[in-house]
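First to last, the protein sequences are chains V, B and R.
Take 5 as the starting number for the first sequence in my numbering and just add one per residue.
Take 5 as the starting number for the second sequence in my numbering and just add one per residue.
Take 5 as the starting number for the third sequence in my numbering and just add one per residue.
Just to be clear, a hint being listed does not mean it is correct.
Which copy is meant is left open, so a pair is good if it fits within one copy or across any two.
Calculated lysine-lysine pairs in the BS3-like style (CA-CA distance at most 27 Å, straight line) [claimed, not checked]: (1) K298 to K16; (2) K199 to K247; (3) K339 to K51; (4) K247 to K298; (5) K298 to K51; (6) K51 to K247; (7) K298 to K335; (8) K335 to K199; (9) K16 to K194; (10) K116 to K16; (11) K51 to K199; (12) K16 to K199; (13) K51 to K194; (14) K194 to K247.
Bear in mind the hints are in silico, worked out from the structure with no lab data behind them.
These numbers come from a predicted model, not from an experiment.
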Amino acid sequence: MNRGLTLAELAKAADGAVRGPATVRVRAVAGVEDAGPDEITWVSHDKYAGRLAGSRAGAVVISAQFGETPMPAIVCEDPELGIARILAALAPPLPRPPAGVHASAVVDPSAKIGEGAAIGPLCVIGAGAAVGAGTVLHAQVFIGADTHLGDACELWPGAVVRERCRLGNRVILHPNVVVGSDGFGYRFSKTRHEKIPQTGVVEIEDDVEIGAGSCVDRAKFGATRIGRGTKIDNLVQIAHNVKIGANCVLVAQVGIAGSASLGGMVVLGGKVGVRDHVELGDGVHAAACCCISKDVPAGTVVNGIPAVPNAQYLREQAQVRRLPEWSQVMKDLLKRVERLEASTHD
Amino acid sequence: MNRGLTLAELAKAADGAVRGPATVRVRAVAGVEDAGPDEITWVSHDKYAGRLAGSRAGAVVISAQFGETPMPAIVCEDPELGIARILAALAPPLPRPPAGVHASAVVDPSAKIGEGAAIGPLCVIGAGAAVGAGTVLHAQVFIGADTHLGDACELWPGAVVRERCRLGNRVILHPNVVVGSDGFGYRFSKTRHEKIPQTGVVEIEDDVEIGAGSCVDRAKFGATRIGRGTKIDNLVQIAHNVKIGANCVLVAQVGIAGSASLGGMVVLGGKVGVRDHVELGDGVHAAACCCISKDVPAGTVVNGIPAVPNAQYLREQAQVRRLPEWSQVMKDLLKRVERLEASTHD
Amino acid sequence: MNRGLTLAELAKAADGAVRGPATVRVRAVAGVEDAGPDEITWVSHDKYAGRLAGSRAGAVVISAQFGETPMPAIVCEDPELGIARILAALAPPLPRPPAGVHASAVVDPSAKIGEGAAIGPLCVIGAGAAVGAGTVLHAQVFIGADTHLGDACELWPGAVVRERCRLGNRVILHPNVVVGSDGFGYRFSKTRHEKIPQTGVVEIEDDVEIGAGSCVDRAKFGATRIGRGTKIDNLVQIAHNVKIGANCVLVAQVGIAGSASLGGMVVLGGKVGVRDHVELGDGVHAAACCCISKDVPAGTVVNGIPAVPNAQYLREQAQVRRLPEWSQVMKDLLKRVERLEASTHD
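Bound conformation, chain V alone (with noise of 0.2 Å):
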């Protein structure tokens, strides 16, 4: 069992100041009811103050504005940050394949593997791929022939990053996530489908993070695109040539049709779908399950199935709800009038 972490360390870590005792030991974090005595747990808002009175916890990680503690606390300016800063420091490490080549992989002998690299059991690398520093292909990871891999990114096993792809710096690809695959692209001619091929590919920036079981098709021509520090969830559909900008956030499930454009910042929730060629601007949010069609202005919120500006989308929701009522009233007018008409007419 790990001897776990003293408040100095987790507080370095966190970039944040102790209160109280710093010689403290915990060794992993737990919410405020679960925590016990060797646990940290943390209150990301005064308002849950009162939930402290009665928790186990060793310590807490709190915001400079937060009164006094019943146990030990770590002072950070954002403590949902300092909370996650100190699950890294306390996380168990991570289970990675040695640096080199594993006797079981399959390395094309052109293929070029940088310093540090580990690529595990069961890979396969192509002619002319190229592997950067301190990257880790944990097992059964395919990459095609001329694909290069930035320096220090992470590939879980069956990942597959297919011919031609590049992938910046820092780059994850969780299990099963495939990168490079034809867009589905067909010209109908006479009696049949006729394949138009995919001739482009992908090009993935710094610091993005693709789910379990994504999909990154590679483009008609030109180049698929994901902006730096881009986060991606689990089953999501990125169609031929998608740009993404930077910093932007999918939530499982969603799906971008061929050539739709993002800008940075953009948050889909969970199973949004976006349609072929359609932009969105810059800060973009869209509610879970909400269906994309058109073009949203920069910084715009939308919602429904098609998507429009969610004040909108609740008011027309609203309104859907009342319509039972409505209808009752309706029918009502209906006889009023009727029965105003017929006395008018006497």
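Guided by the hints, dock chains B and R onto chain V, whose structure is given.
Only chains B and R this time, still in chain V's reference frame:
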């Protein structure tokens, strides 16, 4: 070609009784219309009795209430269950790798492989992992360090279970299932999304089955948990820290966001979405394609986007269907009221 | 760098005719705005003719009706089809493993490998399987026992085809496709879901293409069937016993529930859901994100959740957009009727 089984043998498998000659042999199961003389069919409801007249089936599975049949019958309490068991009895044996570790598998010396377990070709098993007795890893499966699989599990090719996860007994993972991938968690800090480490695990109880390509993320801390006997279809997303009760049924392409919880016997239709932190009580049923954004009490049937109780949904939808008609009525009413006003003010 | 091809060569590939100097060489395809002097572009509609004026493209593909162009042209009946063929002619060759069986592949001695077939590294092929002439398994592919692949198929890394399935000729499976996984079938018995064995198979006809991460379940008995020339995008779910006709197009994240059937030339937009046992006639088109819960006659365009004929959907949606306005009109009407009633009863 297999010789098939006698009705006596099949009745035993189905926990039923033979009506007619018990030595009749059948080789396969087929629908009432398609079945030939060497096949057995079934009738689930008395209302389908008429179909039997024209059937060429060699035998039929029926309930005790059912009348005379033109061919020999097996009488079962639940004909659907009976035919399922007969299907199992007649099924060709599943091809499985032999017990032991295939020469091409990469198994850490510290991993424990149970008695009779079969580790197929090109599997990877990490340090400290344990595989229970009789468990089958077909091929190309990845088991991370310190992950424990119970007895009599079956993992199909491409399944990935990352480090430190726990699977019970008789768990089935279909091809390309991912268990234990990182949850989707970030905290924005100045100019970038800082990754919140996902240090927890996944715990899957006995008799759980997970469909092809589905993903179950590990918890931020603690565990993502799937209860005993729950069945999950293909391409389903289970986010970090989700808790799923016993004997739930999640149809294909369902997505459950972080920290949501489901009671026991919950049924979610295809493509249903559940928002983060939402709680669904025991026995909740959600119609296909609905999106659940609020807690749902036990036993409720919900539908719609956003999901509401099904009776309310049906009332509202009926009104939406009539909106074009109501809009005409409304325009007409407006005119009539204007006329009334004009005549009144005369 | 490739030397490219002459317009004469490209016109031949595109079944078109050169207008202007046939010896001009181009090396790649690009959009009208992006194309440089060594690239060829295309104009699909006369209305885009104006864009050509400012283009630096070395050549352009046009239809016969099109007027003068500022650069040499290739005239094709269908410029979209012409450029697709030119793209194919100019595409860099796909990297493929050489014919024969890679030393690291695990191929059962009873499997039959056709002439010129290429079995790439770390593939697994089961007993009694057959791989047709010229078929390519890139790497890490799994072919189950007694499964037969036709000629000239292409299976990308991570594709899994379980036992006893049949693929026709020229079938493409993109990375991590799953074919032949168990259908999702249970029968509740007392305290648990009893698994209904899925003893059927999957049959995929000639010229079918299936996108990355998509899943096709095997039938309960009989076959799940995908018709000739049908194209399926990424992350699509096809449940057990589904029948899909010829030349259908299923866009990403579509889900088709058990025993549903599609005629020929059906087009389903992204994320469309089709309920179990529903029948869609020939040529049905379904708009993205709709959910089809009832049979749809041939040739119908549907939209909405639940899906209705598109014209009806558009009428209803137009009214939903106007609901907040109608609700004001209604309130106003109520008051006016009250006033009328008051004055009438005076």
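Hint check:
1. K298 to K16: neither (47 Å within a copy, 39 Å between copies)
2. K199 to K247: both (23 Å within a copy, 23 Å between copies)
3. K339 to K51: Neither, since 53 Å and 45 Å both go past 27 Å.
4. K247 to K298: within (16 Å within a copy, 33 Å between copies)
5. K298 to K51: Close across copies (22 Å), not inside one copy (40 Å); limit 27 Å.
6. K51 to K247: For K51 and K247, only the inter-copy Cα distance (26 Å) is at most 27 Å; the intra-copy one is 41 Å.
7. K298 to K335: Intra 37 Å, inter 30 Å, cutoff 27 Å: neither.
8. K335 to K199: Result: close neither inside a copy nor across copies, 56 Å intra and 51 Å inter.
9. K16 to K194: For K16 and K194, only the inter-copy Cα distance (19 Å) is at most 27 Å; the intra-copy one is 69 Å.
10. K116 to K16: This pair counts as neither: shortest intra-copy Cα distance 38 Å, inter-copy 40 Å.
11. K51 to K199: between (59 Å within a copy, 26 Å between copies)
12. K16 to K199: Answer is between; shortest inter-copy Cα gap is 18 Å, intra-copy 57 Å.
13. K51 to K194: For K51 and K194, only the inter-copy Cα distance (25 Å) is at most 27 Å; the intra-copy one is 67 Å.
14. K194 to K247: Intra 33 Å, inter 24 Å, cutoff 27 Å: inter-copy only.
The structure fails hints 1, 3, 7, 8 and 10 (numbered hints given earlier, in ascending order).
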